[in-house]
Each structure stands twice: as C-alpha cells, then as structure tokens.
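With the hints as constraints, model all of the structure from the sequences given.
If you read the protein sequences in the order shown, they are chains P and W.
With this note's numbering, the residue at position 14 of the first sequence is 259, and numbering never jumps.
With this note's numbering, the residue at position 396 of the second sequence is 518, and numbering never jumps.
Treat the hints loosely; a few may be bogus.
[Unchecked claim] Derived Cβ-Cβ restraints for the label pairs, each shown as a range:
{"id": "1", "chain 1": "W", "residue 1": "GLY394", "chain 2": "P", "residue 2": "ASP328", "range": "34 to 44 Å"}
{"id": "2", "chain 1": "W", "residue 1": "GLU327", "chain 2": "P", "residue 2": "GLU331", "range": "17 to 27 Å"}
{"id": "3", "chain 1": "W", "residue 1": "GLY320", "chain 2": "P", "residue 2": "VAL302", "range": "31 to 41 Å"}
{"id": "4", "chain 1": "P", "residue 1": "ILE249", "chain 2": "W", "residue 2": "PRO174", "range": "21 to 31 Å"}
{"id": "5", "chain 1": "W", "residue 1": "THR242", "chain 2": "P", "residue 2": "LEU270", "range": "51 to 61 Å"}
{"id": "6", "chain 1": "P", "residue 1": "LEU270", "chain 2": "W", "residue 2": "THR383", "range": "38 to 48 Å"}
{"id": "7", "chain 1": "P", "residue 1": "LEU270", "chain 2": "W", "residue 2": "ARG438", "range": "41 to 51 Å"}
{"id": "8", "chain 1": "P", "residue 1": "GLY288", "chain 2": "W", "residue 2": "PRO174", "range": "54 to 64 Å"}
{"id": "9", "chain 1": "W", "residue 1": "GLY320", "chain 2": "P", "residue 2": "THR247", "range": "47 to 57 Å"}
{"id": "10", "chain 1": "P", "residue 1": "ASP328", "chain 2": "W", "residue 2": "GLU327", "range": "26 to 36 Å"}
{"id": "11", "chain 1": "W", "residue 1": "GLY399", "chain 2": "P", "residue 2": "ASP328", "range": "23 to 33 Å"}
[Said to hold, decoys possible] Below 20 Å or equal to it, Euclidean Cα-Cα: the simulated EDC-like pairs (lysine to aspartate or glutamate) are:
{"id": "12", "chain 1": "W", "residue 1": "LYS258", "chain 2": "P", "residue 2": "GLU331"}
{"id": "13", "chain 1": "W", "residue 1": "LYS353", "chain 2": "W", "residue 2": "ASP378"}
{"id": "14", "chain 1": "W", "residue 1": "LYS258", "chain 2": "P", "residue 2": "ASP328"}
{"id": "15", "chain 1": "W", "residue 1": "LYS611", "chain 2": "W", "residue 2": "ASP554"}
{"id": "16", "chain 1": "W", "residue 1": "LYS258", "chain 2": "P", "residue 2": "GLU253"}
{"id": "17", "chain 1": "W", "residue 1": "LYS208", "chain 2": "P", "residue 2": "GLU331"}
{"id": "18", "chain 1": "W", "residue 1": "LYS602", "chain 2": "W", "residue 2": "ASP563"}
{"id": "19", "chain 1": "W", "residue 1": "LYS292", "chain 2": "W", "residue 2": "ASP225"}
{"id": "20", "chain 1": "W", "residue 1": "LYS341", "chain 2": "W", "residue 2": "ASP378"}
{"id": "21", "chain 1": "W", "residue 1": "LYS548", "chain 2": "W", "residue 2": "GLU537"}
{"id": "22", "chain 1": "W", "residue 1": "LYS482", "chain 2": "W", "residue 2": "GLU468"}
{"id": "23", "chain 1": "W", "residue 1": "LYS548", "chain 2": "W", "residue 2": "GLU531"}
{"id": "24", "chain 1": "W", "residue 1": "LYS217", "chain 2": "P", "residue 2": "GLU253"}
{"id": "25", "chain 1": "W", "residue 1": "LYS602", "chain 2": "W", "residue 2": "ASP554"}
{"id": "26", "chain 1": "W", "residue 1": "LYS353", "chain 2": "W", "residue 2": "GLU303"}
Calculated directly from the structure, the hints in this document are not laboratory data.
Every residue, glycine too, gets a C-beta built ideally from N, C-alpha and C.
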Amino acid sequence: MTAISREEVAHLARLARLAVTDEELDMFAGQLDVILQSVARVGEVAAEDIPPTSHSVPLTNVFRPDEPRPGLTRAAALAGAPDSAEDRFRVPRILDEEE
Amino acid sequence: MTYADIVERYEPVIGLETHVELGTRTKMFCSCPTEFGAEPNTQVCPVCLALPGALPVVNAVAIESTIKIGLALNCSIAEWCRFARKNYFYPDMPKNFQISQYDEPLCFDGYLDVEVDGRTVRIEIERVHMEEDTGKTMHIGGSTGRIQGATESLVDYNRAGIPLIEIVTKPVTGTGAMAPEVAKAYVAELRDVLRGLGVSDVRMEQGSLRCDVNTSLNKPGEEWGTRTETKNVNSLRSVERAVRSEIIRQSGILDDGGKITQETRHFHEDTGQTTSGRSKETATDYRYFPEPDLVPVTPAREWVEEIRAGLPEMPRVRRLRLREAWGLSEHDMQSVLNAGAVDLIEATIVAGASSEGARKWWMGELARRSNETGQELDALGITPQWVAELVSLTDAGKLNDKLARQVVEAGLNGEGTPGEIMAARKLEVVSDTGALLEAIDAAIAANPDVAEKIRGGNQGAAGVLIGAVMKTTGGQADAKTVRGLILEKLK
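Take a look at the structure:
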C-alpha cells in the first residue's frame, strides 16, 4: 500500500509550479511515500479521544492591539525585489499566451 | 423573450459572496497602516511582504469586528476556530498563499431579513470568515490595462493584508422574478448593517465592499441548474443588473437546448452584460491546511455576550421605529430611504423641527435639487440645523410657503442661514395688519362682484381676493391671515 501515488506527486508538482522529470517523479514519489508512511504511524497510536493536532504549543487567542507601527520604507521594500518600476514590484507576464 | 416570460418558466437560485474590508487602523496580521490612497508600497513590512522569518499576529480589533458582524447577522460564534492557508500562485500575494479560514469560520448559520416591495425575505447566511486582502496589480503592455496580452504587471502591496471579511449566503430560492431586486436589497441591507456597526466604510466604489453573485436557473420541480459566478459587481445597481442579465443569458442557452458552463463571468458596467472569464479549466485546488503560524481563536462566551450587548440598533428595526414615529406609510418611508434622507430628517427633528416640516423640505425642494444636480442630499450644503431653522420660521408665520422656497433657493446658493437670507433679501411675511387691510380694501374695490359673492356666503370666492392681495404685497403676506381678514371684513 503506497501513501502517495506517482500521479499525485505529479499533480502537486504542477500546482507548486515545479518542473520535474520522469526520473525525478519516480525518485520523489518513492521518497515521499516513505516519509508519509512513517508519519502515518502516529495515527496508529492516536486513540479516539485524542483530537488531531495542528499546533504543538498549547496557546490560543494570541492577539495584538490595533496600533500602527512604521514598516519598511518604499526603497527598503523594493530593494529585495528582482525588478521594480513606478514604485511597484515588477513581475513577468502572468497569463500564458494561449490563455 | 421578455423577462416576465423567462421567470414564468425558470426559477432562479442566487447566492451572494460579499467581501468587506474592515476599517481597522492596521492590517490583519501586521501593524502596517491601512490608509486608502497612500503612495504605492509605503504601507508594507516584512510580514505582508512575506520576507523570510516574518510571523503574522492577529489584530484583536479585526476579531472583535468580525464577531460584531456575525452577531448582527444572527450567526453562531465559533467556540474554537483556526486560520488556514489557501495556496495559489499569483503575484497579488507575495506569500504564494492567502491566510483565510476554511472549514472553521468564526461565524456561521445566521440570517438577514430584507424588505422588497413590502415583502420580507429572509436571506440565510452560511458563514462569515476572516481573511486578508490582496495587493493591487497593474497590467502593462496589453490593451486597456487588461491582464490578457499584458507583457508584465506592476504590484502595489499596500492593500495586501488588510482585514477582509467574507460573508456567504446560503442559496436563495423561491424569489422568482424578484431575484435581482432581492440580491440588491440584500447587499444594500448588509451595507447599512455594516455601516451601523462602524466596522467598515463600505464604499463599493473604493472596493471596501465587493460582491460576487452566483446565479442558476432550473425548471419548476427540477434540480438546481449549473451556476455561474459573476464578479466585478461594484454598485448596488449593478448587483440587480448582473442577476437580471445572467437570468436572461442563461435562459437563452437553456431554451436552445444548450448547457450552462460552470464558470466565472465578469460584469461590465457600461453594457450591463456579463462575459466569460478565463475559459481554461483550472481546477481550483487550493490545498488548504491549518496555518501553522497562528494559534486557534477561541472567543470567550463572556466576551461574545459583551459584544452582543454593545451592538447598535439594527437598520431594519430603526426604520420601523422611525416610520411609526413619523407616521409614514411603507411607501412614503421607502421614498425617504431611497432619497437617502433618513439620517437628515432624524437630525432635523432632533434640532427641533416637526417630522412633517423636516420631511417636507428634505423630500421636496432639496430632493428635487439633489435629483437635478446628481448630488447626494447631504452634499447640497444644507444642514439639518438649517432646515430646522426654516421650519421654525414657517411655523411661526414669518415665512409663507412661497417665501420659504425662495429662502431654500438662496440657501442652496450658499447665501447663509434662513435668518440671514431673510434679512439680506428682506423676505418676511407682512404682519402689519394696517398694510394688509389697505391691500384688502383695494382688492375689494377692484372686484366688487366677488366681494358681493363672499358677503352672500360663498367663502370659496375669497381666493380671488387673496390672490390680488398677495400680488400687491409681492407674495409677502400670509395667505391664512389674509383670508381671515377678508372674511372678517365681508361678514
């Protein structure tokens, strides 16, 4: 029984915009399967009365007051951008030609 | 095929998803300010730009505002809920995901009652959840700034991370031909509720209230049809037009034996039509999972009850109360609402005017001017205080109707308060009885036959003499006083 199929890995790679070759798909599908199966063993010891855990810290309601604080200057914000124009982040074409 | 024929044969089902930008001072997960119209990328920080290592922290006021909205919409408030990551690749979010809520919204299972043509329609609310707004993209190189054909895009992240509340209705059925009006009435009512709560400035034209409309058609007794989602609906009027145009378009396809494609459609303000969005089938697979950087939200019941106790009067309750207090029919109240005059009339009454007096001017001369110039009533430069003064002057008999109209005219031209205008223009009812009697004598002398009729008991004939007196006094007499004096004289 595999935990994740080769097709699922291909699908996720596409969603994540990752170009993977057939060889890589075979390799990653196998590796991911080992990882998922290992993690799945946790489920074997979890009893009915143990709710699924999404956070490892026993905290709730961590809020901050609604008070503005200065962020980055525009120059600093744009400094890390690969490209910018008109005080904005410049990104390549979003839609492919056929779209 | 007329609209009436279409809704005879098909039942529309609608659903509305409304996004509201909260009016908090800071963003949802960071302390960046949220001023509208700021210079691009001047309200950003490592959190909303998704710089490595930055961690989000929830805005307490955003949670409180969301609970307020939920309670105002008669929702249950979750005892425990989480944020989730909605994963997608689009440069409007630098994180490559949007923090949202998935299957655990903060508020759920509510309703909002709206009035359409005197009928109350209950719109059931599926959920109210929290998320963050996206950045603004500008598309360069294509025609007319559209994304199609663009060679590059420029992004401003000032808006990215502003608290956004999504309010989703359950499917609304059984409204038939009224579906477009129901959709509009719902968004209008929701806007009024949100404005009353003070949680958002709810300006559709600035995008702080945005609406997507789902529409489908089915034949009576059959299952619901395939729905389309219409976006870009940016005014109340457009909500109504978008639903109507989708009903007409879909019925045309169904009548020809065609099938409705489940798709996103864009509404065009200029043509009133919708066009297909991206046709390419991109399966929406957002791979939601609990946001690991934010801990669960568990609003204490005491806090929720405290917020509930502090809620303002709901617009619908207020309307009913005012309608009763002002003694208006449903129809008259609707006119007042449509004119946007409720607050103004209420304030005018608070400033001392009778409800009749306040309504007469706001719904009369002032509404007429507002229609003519396309300005909102509250933008005419006339205040409730101003109208209250005018009403008190007419009530005291210092201004008759005709003079009061002249004062309003002058007031609209910015000539000052009613008192100042009266002084400057020498507009005052002639209360000097001697001067009036003189004019009355002249009128009687000029119309002996009329005077004879009145002496003979025909009081209706007095109108001729009153008219003559008004003419000599340049309209500055009080018709009632003149009438009394004439009848006294010709007893």
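Structure-based check of each hint:
no.	hint	verdict
1	W:GLY394 <-> P:ASP328: 34 to 44 Å	39 Å, holds
2	W:GLU327 <-> P:GLU331: 17 to 27 Å	24 Å, holds
3	W:GLY320 <-> P:VAL302: 31 to 41 Å	34 Å, holds
4	P:ILE249 <-> W:PRO174: 21 to 31 Å	28 Å, holds
5	W:THR242 <-> P:LEU270: 51 to 61 Å	58 Å, holds
6	P:LEU270 <-> W:THR383: 38 to 48 Å	32 Å, violated
7	P:LEU270 <-> W:ARG438: 41 to 51 Å	58 Å, violated
8	P:GLY288 <-> W:PRO174: 54 to 64 Å	32 Å, violated
9	W:GLY320 <-> P:THR247: 47 to 57 Å	55 Å, holds
10	P:ASP328 <-> W:GLU327: 26 to 36 Å	32 Å, holds
11	W:GLY399 <-> P:ASP328: 23 to 33 Å	28 Å, holds
12	W:LYS258 <-> P:GLU331	13 Å, holds
13	W:LYS353 <-> W:ASP378	25 Å, violated
14	W:LYS258 <-> P:ASP328	17 Å, holds
15	W:LYS611 <-> W:ASP554	16 Å, holds
16	W:LYS258 <-> P:GLU253	33 Å, violated
17	W:LYS208 <-> P:GLU331	29 Å, violated
18	W:LYS602 <-> W:ASP563	17 Å, holds
19	W:LYS292 <-> W:ASP225	15 Å, holds
20	W:LYS341 <-> W:ASP378	14 Å, holds
21	W:LYS548 <-> W:GLU537	13 Å, holds
22	W:LYS482 <-> W:GLU468	13 Å, holds
23	W:LYS548 <-> W:GLU531	15 Å, holds
24	W:LYS217 <-> P:GLU253	23 Å, violated
25	W:LYS602 <-> W:ASP554	14 Å, holds
26	W:LYS353 <-> W:GLU303	18 Å, holds
The earlier numbered hints that this structure contradicts are 6, 7, 8, 13, 16, 17 and 24.
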